[in-house]
Amino acid sequence: MNQQQQPVKILAPRGTAQRLSRRKFLAGSTVALFSSSVLLAACGTDEPGPGASGTGGGSIEDELNFFNWAAYDDQALFETFTTDVGPVASITEYPSNEEMIAKLATAEGTSGFDIVVPTGPFIPLMAAQDLLEPLDLDRIPNFKNIEPFYTDQPWDPGNEYTVCKDWGSTGWILDTEKVSTPIATWQDFIDVAMGEASGDVSLLDAPNELQGLYFWANGIDWNTTDPAHYDAYEAFMVNELAPHVKAYDSYPGIALTKGNYALSQVWNGDARQGLLDVESRGENPDRYVWGLGAPDTELWMDTWAIVKGAPNPNAAYAFIDFILDVDNSLTDLAYHGYHTGVDGVQQAAEDAGLTYLDLVFFSDEQVQTMHAQIVNEMLDRSVEIYQQAQAASGA
Amino acid sequence: MARAVSEAQSGARRIRAPGFALALPAWVWFIFFFLIPVGFIGYYSLGYKPSIFSSIATDRLSFDRYGDAFQPLFFKVFVGTLRISMVGTLLCLLIGFPFAYWLATRVSSRWKGILLGLCIVPFWTNFLIRTIGWRIILAPEGPFSNALNDIGLGLPIQLYTRAAVQLGVVYNYLPLMIFPLFVALERLDPALREASKDLGAGRFRTFRQVTLPLASPGIIAGLLLVFIPLTGDYITPLVLGGAKGNMVGKQIASEFLTANDWAQGSALAILLIVMILATVGVMALIGLGIRSILRARRRFAMPEVMTA
Chain A
1 MNQQQQPVKI
11 LAPRGTAQRL
21 SRRKFLAGST
31 VALFSSSVLL
41 AACGTDEPGP
51 GASGTGGGSI
61 EDELNFFNWA
71 AYDDQALFET
81 FTTDVGPVAS
91 ITEYPSNEEM
101 IAKLATAEGT
111 SGFDIVVPTG
121 PFIPLMAAQD
131 LLEPLDLDRI
141 PNFKNIEPFY
151 TDQPWDPGNE
161 YTVCKDWGST
171 GWILDTEKVS
181 TPIATWQDFI
191 DVAMGEASGD
201 VSLLDAPNEL
211 QGLYFWANGI
221 DWNTTDPAHY
231 DAYEAFMVNE
241 LAPHVKAYDS
251 YPGIALTKGN
261 YALSQVWNGD
271 ARQGLLDVES
281 RGENPDRYVW
291 GLGAPDTELW
301 MDTWAIVKGA
311 PNPNAAYAFI
321 DFILDVDNSL
331 TDLAYHGYHT
341 GVDGVQQAAE
351 DAGLTYLDLV
361 FFSDEQVQTM
371 HAQIVNEMLD
381 RSVEIYQQAQ
391 AASGA
Chain B
1 MARAVSEAQS
11 GARRIRAPGF
21 ALALPAWVWF
31 IFFFLIPVGF
41 IGYYSLGYKP
51 SIFSSIATDR
61 LSFDRYGDAF
71 QPLFFKVFVG
81 TLRISMVGTL
91 LCLLIGFPFA
101 YWLATRVSSR
111 WKGILLGLCI
121 VPFWTNFLIR
131 TIGWRIILAP
141 EGPFSNALND
151 IGLGLPIQLY
161 TRAAVQLGVV
171 YNYLPLMIFP
181 LFVALERLDP
191 ALREASKDLG
201 AGRFRTFRQV
211 TLPLASPGII
221 AGLLLVFIPL
231 TGDYITPLVL
241 GGAKGNMVGK
251 QIASEFLTAN
261 DWAQGSALAI
271 LLIVMILATV
281 GVMALIGLGI
291 RSILRARRRF
301 AMPEVMTA
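Taken in order, these protein sequences are the chains called A and B.
So for the first sequence, the working numbering puts the first residue at 1; every next one is plus one.
So for the second sequence, the working numbering puts the first residue at 1; every next one is plus one.
It should be emphasised that the hints constitute simulated quantities derived from the structure, not laboratory data.
Incorrect hints may have been included.
[Said to hold, decoys possible] Listed below are the simulated BS3-like cross-link pairs for lysine-lysine, each with C-alpha atoms no more than 30 Å apart in a straight line:
{"no.": "1", "chain 1": "B", "residue 1": "K197", "chain 2": "B", "residue 2": "K112"}
{"no.": "2", "chain 1": "B", "residue 1": "K112", "chain 2": "B", "residue 2": "K76"}
{"no.": "3", "chain 1": "A", "residue 1": "K103", "chain 2": "B", "residue 2": "K76"}
{"no.": "4", "chain 1": "A", "residue 1": "K178", "chain 2": "A", "residue 2": "K258"}
{"no.": "5", "chain 1": "A", "residue 1": "K103", "chain 2": "B", "residue 2": "K49"}
[What the hints assert, rightly or not] What follows is a list of derived Cβ distance ranges for each label pair:
{"no.": "6", "chain 1": "A", "residue 1": "A235", "chain 2": "B", "residue 2": "I293", "range": "42 to 52 Å"}
{"no.": "7", "chain 1": "A", "residue 1": "A235", "chain 2": "B", "residue 2": "A296", "range": "51 to 61 Å"}
{"no.": "8", "chain 1": "A", "residue 1": "A235", "chain 2": "B", "residue 2": "E186", "range": "56 to 66 Å"}
{"no.": "9", "chain 1": "A", "residue 1": "S59", "chain 2": "B", "residue 2": "R83", "range": "54 to 64 Å"}
{"no.": "10", "chain 1": "A", "residue 1": "T110", "chain 2": "B", "residue 2": "L22", "range": "35 to 45 Å"}
{"no.": "11", "chain 1": "A", "residue 1": "E108", "chain 2": "B", "residue 2": "S62", "range": "21 to 31 Å"}
{"no.": "12", "chain 1": "B", "residue 1": "F32", "chain 2": "A", "residue 2": "E377", "range": "33 to 43 Å"}
{"no.": "13", "chain 1": "A", "residue 1": "Q368", "chain 2": "B", "residue 2": "G42", "range": "48 to 58 Å"}
Idealized CB from N, CA, C, for every residue including glycine.
Based on the provided sequences and hints, a complete structural model is requested.
Now the structure itself:
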């Protein structure tokens with residue numbers, strides 16, 4: 001028995017490492033310490049790990065390499081997974097789907113990653129490019145736990161490549177000590193961003209979110225392919241809004257509550273993390289106000305998928321099955337703050353007394369206003385405008 | 001003993017290799033890790049991005065990417081970068097020179113090693129971590145800024161501004177200025193300064209006509225060592241700059257990583273190299289010009305001194 005146990009490694013690229021807050025960093029170190037003690041404990045026994053039994057196609061490997069969004073899952077879950085099933089997780093992070101695809105496509109199947117977390121609309125393109133391994137759902141018994149509403153999505157019929165990880169939406173969070181104007185719509189957001197909060201605003205660091213912000217505010221379908229709409233969007237974003245932007249930050253939740261911004265475009269789970277952090281610091285969370293994007297906003301779903309050429313496919317299947325377990329799903333939800341689509345997780349969250357659940361679970365009326373992105377031929381144009389907006393903010 | 005020497009001499013004669021052999025590793029390094037990659041970047045900059053999943057295609061070569069890079073927006077990023085790097089290099093010189101001078105001429109040799117060692121200590125920490133450390137100091141509601149507010153002072157430099165990037169680059173590159181300056185000033189024989197003093201020159205004149213010219217190789221080395229990597233820096237603007245403190249390096253990284261557009265990124269990288277070369281060239285010309293003017297003036301002053 002020479003099963004080598006290693007601490008959970010966080011290989012953060014320079015771009016994302018800046019978002020590793022002190023708190024997260026300390027949490028990570030604690031996990032590392034904890035794993036070393038597991039390692040010591042493991043040295044004392046000669047029992048084969050539970051992972052040695054395997055399911056289906058061969059035994060479960062010793063490692064599992066994630067290519068995931070920054071600080072997206074509870075570290076304790078990876079620890080539990082290592083203890084219960086065997087493989088040791090290592091995580092590399094990316095800030096946007098575009099960047100993730102760029103890296104996987106460049107590696108041409110040699111990336112060494114097992115599990116990746118693409119957002120729904122990007123899946124058909126990734127599948128067509130042979131970046132994803134088709135899933136054998138028989139090897140994921142807990143797939144039955146996902147509510148039917150979150151399976152069989154238009155961008156992945158029959159869950160051929162992916163299963164739901166969690167879904168969420170986009171809105172804003174503001175600091176009432178710096179912004180007195182109430183914000184009810186994206187147009188209000190823009191007005192405040194260019195007025196009261198000018199120079200103290202963060203937007204999400206992703207091309208589609210900037211595109212959405214403009215189109216939702218102007219009542220235009222954000223999946224439009226009309227070049228005239230894009231011309232207007234470019235003129236507005238680059239010449240008018242960009243000069244007021246302080247930073248493009250995909251995780252502004254905690255940063256805003258530490259005084260970095262007055263107003264931020266934010267994903268719901270990240271806003272919740274910010275509010276929880278305020279509470280944990282013993283400060284007043286009422287100072288910060290979350291709002292769901294209106295009149296229209298985004299509905300995104302992130303998914304678990306197996307990378308083409310994954311070196312540890314059995315461990316990958318084992319993890320996906322593990323995370324779809326209701327208890328594990330609840331643990332993850334309590335951490336990231338997004339609905340996991342697992343049947344009964346809302347009830348479990350209420351029973352567990354989790355707070356800020358209005359930022360996690362949305363009413364039917366709210367869901368009606370959310371629209372999924374369609375990746376179309378305007379993608380390159382959208383990325384180009386995003387690049388120019390960033391240049392314009394710095395100019 | 002004598003036998004050993006003669007053996008060594010004859011041995012040296014036998015395996016005498018051509019002179020460039022010693023430089024071979026350096027040449028291999030230079031060719032494989034500099035010339036060839038830069039050649040690729042130049043070649044890629046003529047290509048284009050064919051689709052979202054391909055980074056580069058070169059079946060159709062053109063200068064279009066350079067055209068795109070010359071848009072007013074990117075041009076502003078270049079100007080902003082040049083301003084940050086020139087101001088940063090100058091600040092490093094202004095801060096580094098007095099320190100290096102003091103260290104080389106006023107500190108006992110026992111303390112010299114310790115103080116020089118302290119300059120190296122920050123390098124034990126990763127560049128990125130050192131830069132992230134400034135985020136805590138510059139955070140608007142961090143402990144440092146709260147303490148300053150309590151005593152009635154505000155934080156003079158805010159995170160996510162160009163000033164924050166300026167501060168970050170000076171902090172990160174200052175040691176690269178101090179070391180060559182120290183080496184140059186350390187080698188300077190104190191007898192020369194004493195001689196200058198004995199011949200009637202004041203402190204300022206000794207500094208201007210003896211110390212400065214003799215230290216100039218160190219100054220030039222320091223300026224180049226700081227200016228070149230600083231201009232291409234992308235970590236400091238990424239960590240401290242937010243949207244306001246953008247620099248070309250960050251734009252290039254974004255072209256390669258987010259847009260996955262290697263052609264555009266390569267064109268920007270080539271333009272950055274050209275900008276650095278041009279700046280260094282112009283500065284060298286200005287420096288040479290000033291030197292020849294000074295020399296001409298000094299030569300003219302000679303007879304007056306003689307007759308007096």
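> Looking at the structure, which of the earlier hints fail to hold?
Replying inline: Violated hint (a single one): 2; every other hint is consistent with the structure.
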